Amino acid sequence: MNEKTMTAEEDLRFEQMLAEESVCTKENIVFDRTDTLIDTNMHYCPGCGHGVAHRLIAEVIDELDIQKDTIGVAPVGCSVLAYNYLNIDMNGAAHGRAAAVATGIKRVLPEKYVFTYQGDGDLAAIGTGETIHACNRGENFLIVFINNGIYGMTGGQMAPTTLPGMKSTTSPEGRDIVTMGSPLKITELIAQLPGTYYVTRTAVNSPVNVRKAKAAIKKSFEYQKLNKGTCLVEIVTNCPSNWKMNPVESNKWLEDNMLPFYPLGDIKKPSN
Amino acid sequence: MKKEFRLMKGNEALAEAAIRAGCDAYFGYPITPQSEVLEYLSGEAAKRTGMVVLQAESEIASINMVYGAAGTGKRVMTSSSSPGMSLMQEGISYIACGELPCLLVNVQRGGPGLGTIQPGQADYLQAVKGGGHGDYKVITLAPSTVQEMVDFVGEGFELAYKYRNPVLILTDGALGQMMEKVLLPELRPRKTEFEPWGSTGKTPDRERNVIYTLSLQPDVMEQWNQRLQAKYRIIEENETRCELIDCEDADYILVAYGLVARICQKAAHIARDKGIKVGVFRPITVYPYPYAELNKIADKVKGFMTVEMNAGQMLEDVRLAVNGKKPIEFYGRQGGMIPSPEDIFHKLEEKIIGELV
Numbered sequence: 009m010n011e012k013t014m015t016a017e018e019d020l021r022f023e024q025m026l027a028e029e030s031v032c033t034k035e036n037i038v039f040d041r042t043d044t045l046i047d048t049n050m051h052y053c054p055g056c057g058h059g060v061a062h063r064l065i066a067e068v069i070d071e072l073d074i075q076k077d078t079i080g081v082a083p084v085g086c087s088v089l090a091y092n093y094l095n096i097d098m099n100g101a102a103h104g105r106a107a108a109v110a111t112g113i114k115r116v117l118p119e120k121y122v123f124t125y126q127g128d129g130d131l132a133a134i135g136t137g138e139t140i141h142a143c144n145r146g147e148n149f150l151i152v153f154i155n156n157g158i159y160g161m162t163g164g165q166m167a168p169t170t171l172p173g174m175k176s177t178t179s180p181e182g183r184d185i186v187t188m189g190s191p192l193k194i195t196e197l198i199a200q201l202p203g204t205y206y207v208t209r210t211a212v213n214s215p216v217n218v219r220k221a222k223a224a225i226k227k228s229f230e231y232q233k234l235n236k237g238t239c240l241v242e243i244v245t246n247c248p249s250n251w252k253m254n255p256v257e258s259n260k261w262l263e264d265n266m267l268p269f270y271p272l273g274d275i276k277k278p279s280n
Numbered sequence: 027m028k029k030e031f032r033l034m035k036g037n038e039a040l041a042e043a044a045i046r047a048g049c050d051a052y053f054g055y056p057i058t059p060q061s062e063v064l065e066y067l068s069g070e071a072a073k074r075t076g077m078v079v080l081q082a083e084s085e086i087a088s089i090n091m092v093y094g095a096a097g098t099g100k101r102v103m104t105s106s107s108s109p110g111m112s113l114m115q116e117g118i119s120y121i122a123c124g125e126l127p128c129l130l131v132n133v134q135r136g137g138p139g140l141g142t143i144q145p146g147q148a149d150y151l152q153a154v155k156g157g158g159h160g161d162y163k164v165i166t167l168a169p170s171t172v173q174e175m176v177d178f179v180g181e182g183f184e185l186a187y188k189y190r191n192p193v194l195i196l197t198d199g200a201l202g203q204m205m206e207k208v209l210l211p212e213l214r215p216r217k218t219e220f221e222p223w224g225s226t227g228k229t230p231d232r233e234r235n236v237i238y239t240l241s242l243q244p245d246v247m248e249q250w251n252q253r254l255q256a257k258y259r260i261i262e263e264n265e266t267r268c269e270l271i272d273c274e275d276a277d278y279i280l281v282a283y284g285l286v287a288r289i290c291q292k293a294a295h296i297a298r299d300k301g302i303k304v305g306v307f308r309p310i311t312v313y314p315y316p317y318a319e320l321n322k323i324a325d326k327v328k329g330f331m332t333v334e335m336n337a338g339q340m341l342e343d344v345r346l347a348v349n350g351k352k353p354i355e356f357y358g359r360q361g362g363m364i365p366s367p368e369d370i371f372h373k374l375e376e377k378i379i380g381e382l383v
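The listed protein sequences correspond, in order, to chains P and S. Taking our numbering, I'd label the letters of the first sequence as residues 9 to 280. Taking our numbering, I'd label the letters of the second sequence as residues 27 to 383.
A hint or two may mislead.
As the list claims (entries may be wrong) - 25 Å max Cα-Cα, derived PhoX-like pairs, lysine-lysine:
| no. | chain 1 | residue 1 | chain 2 | residue 2 |
| --- | --- | --- | --- | --- |
| 1 | S | K217 | P | K120 |
| 2 | P | K120 | S | K73 |
| 3 | P | K175 | P | K120 |
| 4 | S | K373 | S | K328 |
| 5 | S | K292 | S | K377 |
| 6 | S | K217 | P | K233 |
| 7 | P | K193 | P | K76 |
| 8 | S | K73 | P | K236 |
| 9 | P | K227 | P | K120 |
| 10 | P | K76 | S | K217 |
| 11 | P | K220 | P | K276 |
To be verified - From chain S, some residues computed to sit far from chain P (all C-beta separations above 12 Å):
| no. | residue |
| --- | --- |
| 12 | G97 |
| 13 | F220 |
| 14 | E269 |
| 15 | G329 |
| 16 | I354 |
Simulated from the structure, these hints should not be mistaken for lab results. What you are looking at is a predicted structure, and each value in this text was computed from that prediction instead of being measured. Don't be surprised by glycine CBs; every beta carbon is placed ideally from N, CA and C.
Build the full structure now, drawing on both the sequences and the hints.
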């Protein structure tokens with residue numbers, strides 16, 4: 009990538025130009041920040057999928073006009089500060105407990121939209137019990153599951169979803185499935201439970217996949233309104249920093265390695 | 027209105043009191059000797075008030091459901107017994123840090139480990155000194171009768187909302203299992219109004235409400251801690267409660283809480299029948315602890331004996347309160363054993379009276 013970055017002087021001039029005689033008018037703007045996404049710098053690493061995933065949730069909330077009726081649950085992990093970016097009421101759960109916290113919220117406020125946003129360590133390791141039982145009870149909320157095959161926040165340790173042979177700081181020789189177990193496909197696992205209604209795997213590595221991920225999130229909120237049961241949208245994504253790649257390389261690696269193991273598409277589709 | 031008396035088991039009376047306190051939700055997990063709370067609520071509550079009652083997959087899930095539901099501002103509770111309370115400590119730390127009101131109940135059994143299902147008081151230090159990680163306090167009420175198991179539910183919710191802090195009813199397996207006559211409170215409506223801080227959905231007229239417990243900036247986290255500590259000082263100043271039984275003319279004081287305080291009253295009667303003036307000092311709040319009240323008594327008496335169903339946990343607070351003014355002895359039973367009034371009297375004679383005469 010050789011994109012020329014603007015100098016501070018050019019940047020200032022550009023701002024002035026916009027202010028003086030804006031070429032960006034309400035009529036011709038085709039892309040802008042969506043209202044529910046807070047206008048602030050994110051702490052995520054360049055190229056990380058979290059930012060896109062956050063934006064998709066914010067866009068869906070705005071399109072469905074449910075900001076005033078939505079409560080989100082943030083996990084522990086890289087997205088521990090998700091509540092700094094979404095302009096909705098939120099609740100920061102203890103590590104792995106988001107599904108239990110969401111259960112508590114949804115049970116006392118059944119008319120509200122509730123979702124959790126959880127990484128693979130949070131959801132599929134320490135939170136396995138809460139995840140499975142919330143799904144088994146068919147708790148009527150959405151779980152957005154970010155799977156990048158690694159612990160991001162703590163610095164690149166092996167996750168339950170780390171691929172066989174994949175290197176991490178705690179599997180420096182690559183994940184040995186004999187001693188470390190195989191990657192846990194928890195999405196397929198919870199799709200077996202009668203309480204789940206819609207279970208799908210998406211990605212945000214390409215424009216087409218981003219659009220599909222957004223459609224899955226939107227459908228899940230619509231099912232929630234109909235009290236259909238638990239919906240889970242897995243988003244397979246990258247972790248450039250801990251995969252030790254640049255963003256472009258990490259997306260390529262995701263396509264070559266993650267997606268063959270974690271194939272995209274609906275795992276459990278509503279029957280009607 | 028006609029007063030409603032009933033003969034009830036402690037755990038069931040507490041559950042009935044929860045329904046009548048307008049509790050919005052109960053999340054719990056079976057464990058002896060407190061399962062009757064969950065059973066009673068599972069049978070009656072939803073039909074009578076529409077209260078949410080959910081059997082969770084673990085105590086860890088229960089307390090985190092409480093955290094989520096309490097974050098909406100609703101009146102929420104859970105109950106458990108010793109091993110289950112240990113599992114809940116992480117969640118209680120989050121609830122205290124997030125300053126959420128809720129009611130917790132520990133129907134203690136003997137430990138450590140799986141221990142026993144018989145009554146115990148060995149979770150005292152866990153309850154009053156924090157229990158989980160970080161500096162926090164849980165207002166802790168120690169009932170000694172089934173009537174107090176009932177009364178402390180309503181009072182506990184009041185305190186929880188007054189200070190936005192978790193409140194714990196620290197009781198034991200004997201009080202939970204025994205039947206006594208209780209006066210039941212009138213039914214209070216469930217909570218319909220939202221708290222201004224509750225995470226209930228951001229309406230256009232207010233900023234978003236976020237329940238969280240994290241700050242990556244140490245100076246901000248220190249200020250947060252200082253705010254909590256300032257609140258705890260106010261609680262200590264205003265909410266300390268104790269009962270002094272025959273202490274005015276007493277030469278010796280038995281210090282005990284909960285069930286053991288009742289047994290100590292009988293021991294004091296035995297002593298008085300023999301012409302020995304014994305009183306009982308019963309802390310009702312064990313956090314905040316009635317240090318000043320106990321210290322005051324120390325000026326007038328010859329000595330103290332602390333009696334507990336553990337190896338001497340509240341003893342540490344008694345020593346802090348008496349501050350070396352008078353001798354303090356200890357008598358404790360463990361592993362689910364309950365001291366008898368005679369045992370207590372004999373130990374008092376042997377350890378304190380005999381030594382001082």
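Status of each hint after checking the structure:
Restraint check for K217/S and K120/P: satisfied, since their Cα atoms lie roughly 17 Å apart, inside the 25 Å limit. Proximity of K120/P to K73/S is assessed by CA-CA distance (about 22 Å); at most 25 Å being required, the pair is judged to hold. Between the alpha carbons of K175/P and K120/P the distance comes to roughly 42 Å, so the proposed pair goes past 25 Å and is violated. A threshold of 25 Å between alpha carbons decides the hint, and for K373/S with K328/S the separation of about 16 Å falls inside it, so the pair holds.
For the suggested pair K292/S and K377/S, the alpha carbons sit about 18 Å apart, so the restraint of at most 25 Å is met. Straight-line distance between C-alpha atoms of K217/S and K233/P comes to about 24 Å, which keeps the hinted pair within the 25 Å bound. As the CA atoms of K193/P and K76/P are separated by approximately 34 Å, the hinted pair breaks the 25 Å bound. Proposed proximity of K73/S and K236/P is supported: the alpha carbons are some 24 Å apart, at most 25 Å.
Distance restraint check for K227/P and K120/P: the Cα-Cα separation of roughly 16 Å lies within the 25 Å cut-off, and the hinted pair is therefore satisfied. For the hint linking K76/P to K217/S, the alpha-carbon distance of about 20 Å falls within 25 Å, and the restraint holds. Proximity of K220/P to K276/P is assessed by CA-CA distance (about 15 Å); at most 25 Å being required, the pair is judged to hold. The Cβ of G97/S does not lie farther than 12 Å from every Cβ of chain P; its closest approach is about 5 Å, which violates its non-interface assignment.
Its beta-carbon lying about 10 Å from the closest one in chain P, F220/S breaks the requirement of being farther than 12 Å from that chain. Residue placement check: E269/S keeps its beta carbon more than 12 Å from all beta carbons of chain P (closest about 36 Å). The claim that G329/S lies off the interface holds: its Cβ sits roughly 46 Å from the closest Cβ of chain P, which is beyond the 12 Å cut-off. Distance check for I354/S against chain P: the nearest CB is about 39 Å away, which clears 12 Å, and the non-interface claim stands.
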